[in-house]
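Protein chains in written order, with this note's numbering: chain A, 1 to 322; chain B, 1 to 322.
These aren't lab readings, by the way, just hints derived from the structure by calculation.
Note: identical chains are not told apart, hence a pair may lie in one copy or across any two.
Computed cross-link-like contacts, EDC-like style, restricted to lysine to aspartate or glutamate with a CA-CA straight-line distance of at most 16 Å:
1. K183 <-> D317
2. K164 <-> E86
3. K164 <-> E88
4. K93 <-> D107
5. K164 <-> D107
6. K164 <-> D90
Letter by letter, the chains look like this.
Number of protein chains: 2
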Amino acid sequence: MKVLVIGAAGMIGRKLVESLLQKGELVDKPISQILAYDVVKPEFEETDGIFINCRSGDLSEPGEAADLVNDKPDVIFHLAAIVSGEAETDFDKGYRINLQAVQYLFDAIRAQNYLPRVVYASSIAVFGAPFDDPIRDDFHLTPLTSYGTQKAIGELLLADYTRKGIFDGIGLRFPTIVVRPGKPNLAASGFFSNIIREPLAGKEAVLPVSRDVKHWMASPDSAAGFCIHAAEIEGDKVGPRRNLTLPGIAVSVGEMIEALGRIAGPEAVALIREEPDEAINVIVSNWPREFDAARAISLGFRCETSFDDIIQAHIKDTRGEI
Amino acid sequence: MKVLVIGAAGMIGRKLVESLLQKGELVDKPISQILAYDVVKPEFEETDGIFINCRSGDLSEPGEAADLVNDKPDVIFHLAAIVSGEAETDFDKGYRINLQAVQYLFDAIRAQNYLPRVVYASSIAVFGAPFDDPIRDDFHLTPLTSYGTQKAIGELLLADYTRKGIFDGIGLRFPTIVVRPGKPNLAASGFFSNIIREPLAGKEAVLPVSRDVKHWMASPDSAAGFCIHAAEIEGDKVGPRRNLTLPGIAVSVGEMIEALGRIAGPEAVALIREEPDEAINVIVSNWPREFDAARAISLGFRCETSFDDIIQAHIKDTRGEI
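So here's chain A without its partners, still in its complex pose (with noise of 0.2 Å):
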């Protein structure tokens, strides 16, 4: 079983080879190789028997595609993109990346003329405002952004070359992953993470939205068992629809606040400053709150039940740091 994760150095590949490391094997087949690839190289370490090859490259390069599925990969993750604030900003890097590069790498598998499993990152940003409440899995994507437009875009290619045959897709539409490990960042979501992780580590956070924004969210770990779950699922199971509404837990920030007192403290809900803004209020007002995925349910998929399940999930992965 050879496994190729395009996109492994960040929050999700990281989690997921460490995962894959761990596991030793996919589809009840012990795992030999790994290729992980990144913008920057991943460093992971050696573990007995898997051989792990890290490297850096632009999937947007042509021919970069055509190198990494050479050796015929079994599974394929694809779980590379630019961000959401960056494709926004950046126009063409955006469709370059997130699109272009996708094309590049699904056509490079149809020349190796081969049927892996293709397990693909989409996003609920593929989902745009007005929504229903909770989004049913057969509501319209009319994403309201260009990374979600260009996530979309690979959901429908993903279907269409699975329906020829090209290779076996499974298109994953990922909540939010709360908590994000590392520095707070500028991203409009940033907060979600920020209002749980700085408090723990008995630093201020801020707050910029009111409490009852509701949001669609799981855990890293969870992203990473999505990941495997659809790498080793039966596609005969899941039909012609490709892409799947991943489940989450639909939580309020007051809802999270009080998760982190029960948890920490009031002294850690003490640290959260609230400080509204308005640009983020209005961005974050378009966002999915809830969704019902009841078919990814159904096929299996499984995260956390409670958002004090998400905040352990947290302190477990940062023992000894915080």
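Let chain A serve as the given structure and place chain B on it in line with the hints.
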């Protein structure tokens, strides 16, 4: 007012150009010139006051799109595509003509840095079974053909380029257009037209499906009318969801035949020979039957209200020829 019609030699394109020549104006401004473009050179009669330039070419050739929009046409109709059957058998050609050429056009408009109205022909093939019945405006796009996939991707690009202020696009999901003029063809949908056109001309026609097959249809006149209405509609009224399922009438084959009997008598109906074709039945069973086209109707799009009107429109079109 300068108008560009890409696909001007096709059934809808011809109707559209003829309507524009007759109407003489668009969005309350006199039309000064029409560039009529297709893979085969379109032919139109000269009209006083409107310069009509007929050109042939391949929009999927690099540079061609830039050439077409070089003098900044105010309204651009994109009606050019290879049909569903051909896009299915020739994967590369389908993506080149139905997707790559569209991207070239959109990017050529971007390079001109102005804000034309773009009317883009999509199709109800963006929907794939199983459906709700009727299909709502917010039902998801899960095409089951490469043609439907390419059209759905064009829709997404159209909405994103519009959102970014590159042009002002309206995407139109055409119903099946009946009665197609000309000779019977081998398209799976051909019989919808054949069973009306041929008997009206005193010729036999084959019906390969059962009489309870129901489908969503409008006339060629309505198709041209949809294009003109889309060119003239206020963009602000449409909002960010730029792709519209057009009105049509949901009619069963049995009801079509009854209408034929009312208009042309039992001797016309007797020319229809029922010859069930399992392959065509399977294809057609995956097609949409009926839509609730509430948005397009609220935006003023109109078509026939009975199949009798569709037959009468065809008789008027072919007067003296049948």
